[in-house]
Amino acid sequence: MSTQTISNDLLEECWITTDADQLSREFDREHFEITHSLAEHPLLQIPELMELADRTKRDRPGGIYYDAGKDIEVGQRWDQMPAKQFSVVETMERIETCGAWLLFKDVEKDPKYKIFLGSGWEKIKSKIDPNLKSRILREDALIFVTSPKRIATYHIDRECSFLLQIKGTKTIHIFDRADREVLPEEEIERFWTVDNNAPVYKPQFQARATSYKLRPGNGVHIPVNCPHWVENDDNVSVSLNVNVQFKDTLRANTYRANHALRTLGLTPRPPGQSPTMDYLKSHSVAAASAAKAALHKLSSLRKSS
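Mapping of the sequence shown onto full-length UniProt numbering: position 7 corresponds to residue 7, and the numbering continues sequentially without gaps.
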């Protein structure tokens, strides 16, 4: 049996090996350590990732993000990263020394990597919740490749995720998303509305984070909007990340409505305190968005007529 066949067979099983009861009980509720069986998978090793970088650059230029810098701070905004000095392939070749952080996006769109969201992933979702599939808006697989001692800066995400460590060791620090000293309502509102970099790192609260030491074979589950940052050890790191974004327009639109209300000088109720108010806010935002889209379409028609 070929190595490729064995690798594909591995991805057809539940490659997250954490207890099913914990997955079901804590998914998108708590952050927790996980275990997995993909640390030796050939497609996640540096030689194959070099080829993936070359293919992605050629076939899907928007499918990869990278930057390189030696003195990245925990609280540094993603839009303040150093300018690129090398091509993505050259950066991969210099990964040991150039202080790089590379993100391969939507790797399932590459023919060789589509199996990462195949039958094994479907089995994992069924272990979490037989009805999970109906709640999902979007799912994707990412790969991170990081230089020694590089930091991935503080941020929150719209998705919940499973971060699986493949090569090297690093530490991820995850905060409680319900701690409003760490993550104020205003920052969440701005994040969902106008600024992906809205959450601000507050070093005085670092001790409140839970720190997970990641090594090949383990990983962590991160719920939606949990603040986190990552520090790599003195080694090259490779991680696989599988994201799930929910069809949760109620929460997103409530935050957007609250942002608008706050700009008017009001102090809106956070989501979850009043289901009726959340419903009204969400539908108001949806109606406003639909009206804006209709006006944009009408304007386009007038310009073309």
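These aren't lab readings, by the way, just hints derived from the structure by calculation.
Check each hint, because a few of them may be wrong.
Dumping the calculated BS3-like pairs for lysine-lysine here, alpha-carbon to alpha-carbon at most 25 Å [unchecked claim]: (1) K149 with K109; (2) K202 with K123; (3) K84 with K114; (4) K133 with K167; (5) K127 with K114; (6) K109 with K247; (7) K123 with K149; (8) K123 with K105; (9) K57 with K123.
Comparing the hints with the structure gives:
no.	hint	verdict
1	K149 with K109	violated (30 Å)
2	K202 with K123	violated (39 Å)
3	K84 with K114	violated (29 Å)
4	K133 with K167	violated (30 Å)
5	K127 with K114	holds (21 Å)
6	K109 with K247	holds (22 Å)
7	K123 with K149	violated (35 Å)
8	K123 with K105	holds (23 Å)
9	K57 with K123	violated (32 Å)
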